[in-house]
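A.B. asks: Line order of the protein sequences matches chains W and U. If you count by this note's numbering, then the first sequence holds residues 2 to 161, one letter each, in order. If you count by this note's numbering, then the second sequence holds residues 32 to 209, one letter each, in order.
FYI, nobody ran anything at the bench for these hints, they're computed from the structure. Backbone N, C-alpha and C define an ideal beta-carbon position, used for all residues, glycine too. One thing to keep in mind: the hints can contain errors.
[As the list claims (entries may be wrong)] Chain W residues, not near chain U, derived (Cβ > 10 Å throughout):
| id | residue |
| --- | --- |
| 1 | L88 |
| 2 | V100 |
| 3 | R113 |
| 4 | F147 |
| 5 | L149 |
[To be verified] Pairs of lysine to any residue residues, derived as SDA-like cross-links and limited to a Cα-Cα distance of at most 20 Å, are as follows:
| id | chain 1 | residue 1 | chain 2 | residue 2 |
| --- | --- | --- | --- | --- |
| 6 | W | K106 | W | R140 |
| 7 | W | K8 | U | A78 |
| 8 | W | K121 | U | D74 |
| 9 | W | K121 | W | Q79 |
| 10 | W | K121 | U | K143 |
| 11 | U | K143 | U | N159 |
| 12 | U | K87 | U | D74 |
| 13 | W | K8 | U | I138 |
| 14 | W | K121 | U | F128 |
| 15 | W | K121 | U | K87 |
| 16 | W | K121 | U | Y105 |
| 17 | W | K78 | W | L158 |
| 18 | W | K121 | U | T131 |
| 19 | W | K78 | U | Q53 |
| 20 | W | K78 | W | S124 |
| 21 | W | K106 | W | D161 |
| 22 | W | K121 | U | S110 |
| 23 | W | K121 | W | K106 |
| 24 | W | K121 | U | A78 |
| 25 | W | K121 | U | Q53 |
| 26 | U | K87 | U | Q53 |
| 27 | W | K8 | U | K102 |
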Amino acid sequence: MQRQAQKFCALLKSVSCVSLANPGWDSTVSSVFVTWCQTAPSPGPRRVLRRAAEHHYLRVRLELPDGGARPNAAQFKQLVVTALRELHGEVGAALPVDVLTYEEKTLSAILRVISSGLVKLWSALTLLGFYQNRRCAFRVLQTSPFLLALSGNSRELVLD
Amino acid sequence: MVRFKNRYVLCEVVSEDPRCRQCIEDRALQLAVRDAITRVHGDYGLACCSISFTVKYLNAYTGTVLLRCRKDSYRLLCSALPFVRYLESRAQRYPCFLNTLHVGGTIRTCQKFLIRYNRTQLLRLLQNCTNEESPAARPAPWMPEAALNTDCVGHLHRRSTKSLISACRDTSVDCCCF
């Protein structure tokens, strides 16, 4: 059981953004894992969900010409909503879109959108051409219905 | 058999201002509806709905409007109609709203509906009207509007004599009245 707990900790560390410098984290997680295994009910028949996931996640990068102010997180969200409003009107601008993470240095972000609005969002991002009278372009790097899938990207693998 | 299918949306222009009736023209209405679609559904919605969009029939006296659009985008059009708030023509702007009466696949079904609807409306208006002079009995267009408006209540305030006569004509003619 302890070995399984340690394996679980290692897996969590590799995919999550928890700071590795926290010493008590390992023991806490293993103890929680052990308690969960002991108190969880028996598995029962396998459950498979047939309907699609309710959210889709997009990793995007905004390309701007050098020089000039870079948008902060709020301005980035404003830009996304403006793009939706231009192409799809008020109905598009009311689409529930969230900016989960945003890095101002690389201008890359992870967006979350309700699954029925993925096509509208992607088309609006594609057709956005200007930010504050500067040419800009959205590059969609990854998209998936699962957030976990955005952590690994085989395109950025560097072969020795 | 593959053909382009259209949907015909029958609406009624309702306005508090009686001068709005002179504003009901096909160009003004087309601009107003396109404006509403752009605001609600953006460039994509405008392009979708404009493929086969025309104003097929207008009756300025009763305020009846028949719009045509493609079957794929009639929902975009219908959802944008409540956002038409005014009609503008010749630099005059009058507040109004569009009431959707019927959505049909052909002009003929819309006409059948309009005939039935006008008959029921006529009966309702004549019941409300307590004026002694029955307007249907005297179809003369010189009947003063004031005699009709003072005695009747509610809906009839916005209708003039001409609209009742026009509705009478619509219901009595059997073949296509367009």
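A.B. asks: Taking each numbered hint in turn, which are not upheld by the structure, reported in ascending numerical order?
C.D. replies: 1, 7, 10, 11, 12, 13, 14, 15, 17, 18, 19, 21, 23, 25, 27
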